[in-house]
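So the protein sequences, as listed, match chains D and Z.
Using our numbering, the letters of the first sequence correspond one by one to residues 38 to 535.
Using our numbering, the letters of the second sequence correspond one by one to residues 6 to 301.
You can take every hint at face value.
In silico lysine to any residue, SDA-like type, Cα no more than 25 Å apart, as pairs:
1) D/Lys409 with Z/Leu292
2) D/Lys415 with Z/Met290
3) D/Lys409 with Z/Gly117
Since the hints were made in silico from the structure, they are not lab data.
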Amino acid sequence: MIACAISCATRGLAGVPVTVEADIANGLPGFAIVGLTDRAIQEARERVKPAIRNAGYKFPQRRVTVNLAPAELPKEGTGFDLGIAIAILRAEDSSLRLDGLAFLGELALDASLRPVTGVLPMARCLAASGVRRLIVPVENAPEAALAEGLQVLGAASLQACVEYLRGEGTLVPGVRDASLPSSEPEPDLAAVRGQAQAKRALEIAAAGGHNLLMTGAPGAGKTMLARAFPSLLPDLPSDAALEVAAIYSLRGTLRERPPTTSRPPFRAPHHSISRAGLVGGGTGLAQPGEISLAHRGVLFLDELCEFSRQHLEALRQPLEERTVTVARARAAVTYPADFMLIGASNPCPCGHLGEAQGCTCEPRQLSAYNNKISGPIKDRIDLVVSVPRQEYRDIFEGADEEPSAVVRDRVEAARNRRGEVAGHGNAALTGREILAAARATTPARRLLALSGERLHLSARGFFRVLRVARTISDLAGEDRVGEEALAEALHYRIEMAG
Amino acid sequence: MIEPRWIDPASAEWPVRLLHLESPPQGFWQLGTIGALSPSVAIVGSRRATFAGVEIARSIARELGSAGIQVVSGMALGIDAAAHTGALDAGGSTVAVLGCGIDVCYPRRHEGLRSRIVASGSVITEEPAGTPPFKHNFPKRNRIIAALAHAVVVVEATERSGALSTARWAADLGREVLAVPGSIRARQSSGTNLLIRDGVRPFLGIADLLEAVPELRSTVPESALNALPLGSRGGLERFSPPLREILARMGTQPIHPDQVGVALGLSPALVASRLGALELAGAVMSLPGGLVARTV
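The task is simple: from the sequences and hints, build the whole structure.
Encoded structure:
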């Protein structure tokens with residue numbers, strides 16, 4: 038006797054539908070699962086058997102073989118438990134109707150269902166492959182319901198599921214939003230006093246999708262500014278929001294970020310993070326790292342110079358290609374990683390460069406410190422801004438600051454103006470594209486030529502300045518890049534004088 | 006490869022000015038193409054100088070170099086190196102007096118600078134070949150710097166800086182000493198400000214130097230003299246009024262662009278744009294650490 042149930046595996050952010058085949062044959066009682074499984078799936082034997090028994094059904098006292106097809110695809114995780122149990126029960130009970138259904142979920146020994154990770158990307162894949170109804174653990178139902186094109190049913194236990202399949206019971210339909218905590222309010226830019234130039238740079242970065250580096254003494258407010266940065270970004274379009282939710286679903290971190298939110302994500306990993314944690318990896322199949330969790334949002338690296346050089350080097354390719362490919366022993370996996378980088382660093386190892394009390398660093402230390410950033414990712418940073426320590430007076434007696442919502446309106450207007458080049462903003466324009474898009478005025482061209490000569494701008498530096506100038510003109514509502522915009526962009530360039 | 010030569014009082018190249026010292030050196034090793042005889046000014050200062058100080062030293066040396074005045078210094082980090090570089094950049098000649106053996110390059114990173122100096126000036130030392138840069142050699146070499154020069158300009162020095170020892174030697178020898186004044190709060194200028202309080206002439210521009218040491222004026226060709234920017238300030242007319250307004254607000258001390266914006270009531274976008282334009286015009290320099298300083 039043979040029966041099939043549909044389940045799903047993930048490969049990167051994409052899902053792969055998996056057919057769970059169960060064969061029950063005469064022979065010595067036994068239970069084998071094949072199909073490039075990991076340890077968690079092998080252990081499913083010890084969960085599925087008691088779960089079926091404790092649910093009040095009979096586990097066949099014969100030779101049971103389960104195959105997860107396609108068999109050459111590496112699979113992992115506990116999400117196949119429900120599919121395996123249903124396939125085995127179906128092999129002996131033809132009254133179960135499985136047409137157009139798929140199953141995801143981990144079984145407890147008492148036959149109740151436990152939530153699993155990655156339900157959202159799998160639900161999207163199943164919907165695309167023609168599955169009409171998906172049964173998931175109750176806890177996963179709201180998340181799975183975000184996928185368009187299929188009906189999601191939440192089951193509390195194996196019994197509930199089986200009764201439904203017999204046409205005897207009903208299951209809770211999954212509804213979006215239900216019982217999910219709303220996202221915490223983002224810190225507002227108005228909470229930061231002063232720092233006019235830094236705020237201006239954040240606005241430009243938000244409008245053009247530029248990567249930004251803030252330098253300044255410890256305690257100057259770099260972290261606060263960075264945390265307020267997402268509040269300047271417009272809402273994500275729904276497909277992008279879903280893509281982000283899928284990544285969080287895969288990591289099982291939807292509790293940190295409600296899947297229904299359309300706010301861009303903000304990630305701030307500590308510099309002690311491992312390389313795998315940052316770019317993705319781990320044992321078995323690679324998990325998405327922080328850079329993928331920051332997809333369509335902001336990756337904030339505080340104390341940029343404290344990150345190891347290898348970590349910073351590893352960011353280079355994702356910054357270029359907006360995806361990251363992590364090769365592990367079992368398979369290479371590609372995750373999206375289209376993020377904006379906000380870096381913060383002290384101006385020098387002692388942190389007091391450019392302050393009244395003076396810097397105590399040796400020149401050699403200084404150049405080593407600067408090389409650390411400049412080497413690997415300098416090419417990808419469009420704006421550099423210094424964040425001075427605030428005077429006591431400014432903090433407590435300053436004027437009212439502009440709230441984020443006002444700045445965000447300007448950012449949105451600037452973005453709409455450009456009609457969003459593939460959703461990446463001016464920062465993604467290639468050299469040829471920016472030359473065409475800038476439409477620089479004659480005086481601006483003259484200024485640009487002069488800057489190449491006087492400030493020793495490289496070709497890359499030249500295009501960086503032009504991209505930033507384009508964004509500044511967008512914010513000002515100007516069609517052509519003029520002298521003023523260009524001069525301002527030059528002021529934020531990364532090439533240091535001297 | 007040029008071989009170092011030993012110059013003693015019997016040599017034709019021996020600078021008579023060294024005999025003004027109570028304990029002149031027995032002689033010295035010289036590596037280079039040009040002797041130490043021509044009219045000279047020493048520019049000395051802190052190793053750990055501010056960026057503004059380095060820029061000042063370089064520009065003074067550049068002006069001296071283009072006027073045909075030799076720049077003497079100690080090839081140390083900071084002000085010394087900037088002084089040599091400025092003179093060389095202007096096509097002038099420069100003398101580096103070392104505190105170590107003639108075959109030792111200290112600090113090591115000045116290998117390149119050293120060969121430039123040898124090519125259009127000279128490196129001299131009284132220490133025997135192979136002597137490491139012992140601490141106690143430096144006050145000794147300072148007396149040679151002071152003796153060789155007609156005047157000593159101290160650009161930046163803390164109260165404990167070796168540059169002050171050069172200034173003392175110079176004063177004892179009757180050489181003119183000038184000090185570049187700084188803010189009374191700037192640690193790097195505390196030594197030079199003390200010198201000024203004690204009666205040393207403040208250096209506000211090259212004109213002060215020529216006034217203090219008239220011999221220099223006579224040795225400098227008339228044409229070069231006219232080319233010197235004798236008025237140390239001015240020339241701001243070439244900037245548009247908005248840019249002039251910013252320059253007028255910027256003192257010699259580096260400040261943060263936000264302060265400029267607050268002082269003038271300008272939006273950060275305008276401040277950045279104007280500073281960018283000024284930087285391009287060479288009137289403003291942005292320093293590591295995010296501050297900007299006026300350079301004209």
